[in-house]
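**Student:** Starting from the structure of chain B, add chain V where the hints point.
These are the residues of each chain, in order.
2 protein chains.
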Amino acid sequence: MQYYQNGFKPGDPTDFRATADSAATQLLVDLPEAVDVLIVGCGPAGLVLAAQLAAFPEISTRIVERKPGPLMMGQADGISARSTEIFQSFGFADRVLKEAHFLEAITFWQHAAEKPDQIVRTSKKADGRNVFSEFPHVVLNQARVHHFLLDVMQKSRSQLSPDYCRNLIGLEHQKTPRDARSGDCYPTRVSLARTDPDHEGQTEVVAAQYVVGCDGARSTVRQLLNLEMRGDSANKAWGVMDLLLVTDFPDIRNKSIIQSANEGNLLIIPREGGHLVRFYVEMDKLKGSERASNRNITVEQLISAAGRILHPYTIDVKEVVWWSVYEIGQRLCDCFANISPQDSDSGPPNVFIVGDACHTHSPKAGQGMNVSMHDSFNLGWKLASVIRGHSSPEILHSYAAERRAVAEELLAFDRELATMFSVQEDSSLEQGDRLEATRLQQYMVKHDGYVSGTLTRYPTSQIVAEPAHQALASGFEVGKRFHSSPVVRLADARPIHLGHVLEADGRWRIVAFSNREDPTGDSTGIRRLAEFLHNAAESPVKRYTPAGSDIDAVIELLVVFQQGYRDINMQELPAFLSPSKGVYGLRDYNKVFCPDVDKGNDIFDERDVNRGKGCIVVVRPDQHVANILPFDGFADLAAFFDRFMIMQD
Amino acid sequence: MQYYQNGFKPGDPTDFRATADSAATQLLVDLPEAVDVLIVGCGPAGLVLAAQLAAFPEISTRIVERKPGPLMMGQADGISARSTEIFQSFGFADRVLKEAHFLEAITFWQHAAEKPDQIVRTSKKADGRNVFSEFPHVVLNQARVHHFLLDVMQKSRSQLSPDYCRNLIGLEHQKTPRDARSGDCYPTRVSLARTDPDHEGQTEVVAAQYVVGCDGARSTVRQLLNLEMRGDSANKAWGVMDLLLVTDFPDIRNKSIIQSANEGNLLIIPREGGHLVRFYVEMDKLKGSERASNRNITVEQLISAAGRILHPYTIDVKEVVWWSVYEIGQRLCDCFANISPQDSDSGPPNVFIVGDACHTHSPKAGQGMNVSMHDSFNLGWKLASVIRGHSSPEILHSYAAERRAVAEELLAFDRELATMFSVQEDSSLEQGDRLEATRLQQYMVKHDGYVSGTLTRYPTSQIVAEPAHQALASGFEVGKRFHSSPVVRLADARPIHLGHVLEADGRWRIVAFSNREDPTGDSTGIRRLAEFLHNAAESPVKRYTPAGSDIDAVIELLVVFQQGYRDINMQELPAFLSPSKGVYGLRDYNKVFCPDVDKGNDIFDERDVNRGKGCIVVVRPDQHVANILPFDGFADLAAFFDRFMIMQD
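Chains as they are written, first to last, in my numbering: chain B, 16 to 664; chain V, 16 to 664.
For reference, chain B alone in the conformation it holds in the complex (with noise of 0.2 Å):
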């Protein structure tokens, strides 16, 4: 798609009505005096936390905003993939993918060797970030990836919308009566001022179970916590514009690193639409009285660098849609809830900071929105899970344990990168030598996995189990994201990525995938799995799940059989595996799969299963896998799920 051409407009781009996204019609309710889960603060980690948890109707959540409606420009930009994987388990990935730019290449430029003003590029490659995911690395105006979980929040069995206007004034713990209705309580209580001209001077009390502060770098959940921030003061100036231009710069519409002999550097982030792009112009070098304060800087002089910078090629700013000076080190909370991981003995956290709120860095490496969304992502199911009594309210403590380490990781990459980033490569190397060598690009080169995303490994914990079987699927590392993989749907031979069916629904997923027997005969494994997980006492599958339900609704079976589509009848497979559901008891077809012989993808081979065992991987609601085990690993699985669920009627 192509857009923007005629100037900025915020909204969905193939909309061409006027008042299209409207901030002015959001309706400004009451809030309800009790809720499960308030969320403060309506960014990518926000409203990630509140896209899952309107899945769940029977939770009520709130999330409430400071500001008067939806974000409708600037700030973040960059979509991992494994963010991209998040957005297809809510059902958007698409939306996305379609009005995205795609960063498939990378070009370096530097200033030539003869010439010392003058820029050259010195390589032009494909982007190694698309690799790791069946899913590339993008880039989007924040704002959209907000309106897409607003959509999600509201289409919702919930109807979730965020309540704005609101301003977080108090944060109270206190033990209240218990609920009759759900045996849970209500500690905390959360004062809020309304911002609203019609209500001004009000403030609301709402108690709520849970409350998560989402509420950005200025957190005032963390600050009523009296959590700190440790680490680096700013370290590093960076002015940011997304701009409308004319330019003869080839590379307009590639990512471009650009290191100047005197100048300066640049990133060059090309976005969506086809023309409008982003400038990260680094702030040391601006001349002397531009420099003299960051907070006076204006988007004149970021644009009169990043023409120096550029010589000696031009450009024209034709439209500054947003731009912004940052100036951010990188710090860290000590404890991501109000109570920490080795303070387990105070018993579950039940106050939380997600994203920005416990860990700032610089934007350089594209992870700001996607770290966050990643941390709410992990709180949500748990938050989910524990509120409808399926989970014990200690694994709200993997939260913490889970999310910091990645944090840490983060921040010791991006301080790298900062520091590679401003550091001159050595002018003397012939072109040449210089070419493949300089070192910002092999750091990048190195770390493209990383920033993909994807890469992210859960310790072992309550919630994830010692990989001792791991050598069944090496493809499927236990701690890390499951890695999807095409498949062939047996039932009607569909080519999707099975992935793709773990969708963000708070259920745990048993992935077999079965050995080379034939899989209709009488006494086979898949069978003994389907007998064991229907009929036995042990069974998780049923003592997790609540009467009632439908038999996987906490924990679904999915088969991968080694046989095509057309050699296994689905008849002949055991009823479990499509199971009767919903009020008419319709069998579900969608959790037996084959490798797609077709197209030569056999995930088998991709993933590295054991053809000859077979094995179990099972998988977290996040996605993650959190155990391996042997096919017939029926005791094990039992007790895995014995650790932290909660046994139903």
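Please keep in mind that the hints were generated in silico from the structure rather than gathered at the bench.
All of these numbers come straight from a predicted model, not from anything done at the bench.
Warning: the hint list may mix true and false statements.
Pairs involving identical chains hold if they fit within one copy or between any two copies, as the list cannot separate such chains.
To be verified - Here are the computed lysine-lysine pairs in the DSS-like style, where the Cα-Cα straight-line distance is at most 27 Å:
(1) K596 - K333
(2) K333 - K461
(3) K140 - K461
(4) K614 - K139
**Tutor:** Chain V only, in chain B's frame:
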């Protein structure tokens, strides 16, 4: 996506709000006194035409419909590859593919040789229709296609919505004074009876420049034009049902053709959402009393017949979503407009009939909705071009000429297919022989391409040149639709489908495939072509682009080079290849492409383009190839457009 598990629900399956897609909120406003185009009927034909015309806010279009609101369920469901290509050009193919069921495999069942009361599968194979296009053959409720088209209309610059509750009652031709605004006149007066409670008894009269009857098999427009349908009377009755059911039939999620020994024939089309299924039941074999009159047939009788055909498998129907009985012969109208192409001395036509209004046939080939949409996609750009003053009104004769031939071909196909379906196979054949040999199966495989809708070839005419230079690119056949192929966009290295650049925006395209030479030189072929189009007095771009419009507003140049994207610098190409456009003069980088050598997709090989000579492919606004010329065939290029276009100031 999996949905309808707890029963069918009209509207967006991702929207869980109760009020979604309500027909009750339709606004009823008065029609204007005069319009450029009045479309009668909100079926697929009418909506495609409306969506096309809505792209041009300078054209006043209205679409009226007898019913009180949008279709909510039932009717057609087959979507051919060509239709999805057209949806792509409107920007919503992704939405169709996300919701649709993919017909990946097809199975054939017959009665067992030994047990004639039981059916056995004789064949299960990949659906052969998925090789003619980048898009597959899918099925989706017609109501959803309507919804997407309505969405295009509503979000367009024209903000077009249907006017419901209007019954066409009169159509008079009378010359009226010329309209000062456009120099056009509104020669047809249309009378409409309003049927909503607030306006019942009122008649509106609208003067229209053009009237298009998309009002179905019982078309009032056709009757008011005194045009008659000719052809076979009803020759075959079938019952059709959309069901939610439980069955042990193994291929319930695959397209299945079942020919029983004594109980008749059944066609099963699995549908969107993983549960819904359509049954077509042949009615000849219904028991005597059931068949007494088709009008008295009950759905229980159809279900019972389907159950008998499927024996020994059983069905347990849980919900009948929609059902109907149809008895339709192959009928065709002599003329598709008020003035036939043979009568061109009488001037151009200004009243047209489209889709079922001019041709009817059985739904078994899955062509119903498709051919109707292709009819109006053929007509839409021509009307727009004439009304906007770009083309001579004479081109309007080509609608009937081109589409009546398609309809004739369709009726012949449908007649033969209907016969095939009902003929009993010779049951004395051994099982092995029958496996691959049934005539129906052979017939269907042979006609996969036809059914995909991609093989339609328009004959030589004012707007389709003689294929004198076809050998330069035998994969782009003159008269057929431009067959897309993957390329890489030079500016940002993004892999895209070249055909997807050809949006439904009324523009002609000149797609120039360059020869092997380095395109960045001073006197290259591409430079000469750009120079000709940009500056020559005979250039069709110069002659036919209105002053003040973007240079590519009427005719767009697209260029495909043979070099990879790393081998060409955008800035060394003629500026005409990335022209300045819009209020800011931003450069359009969406016009230059390279083979996708990294993925091994070379469009020159795939479409058999002459590498030594290159060529020019002229593509109509409806994506049909109008001409193929040598790369330097400037005079012929100019002469082709001179045949039908109108010189601009």
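**Student:** Which numbered hints turn out to be false for this structure?
**Tutor:** 2
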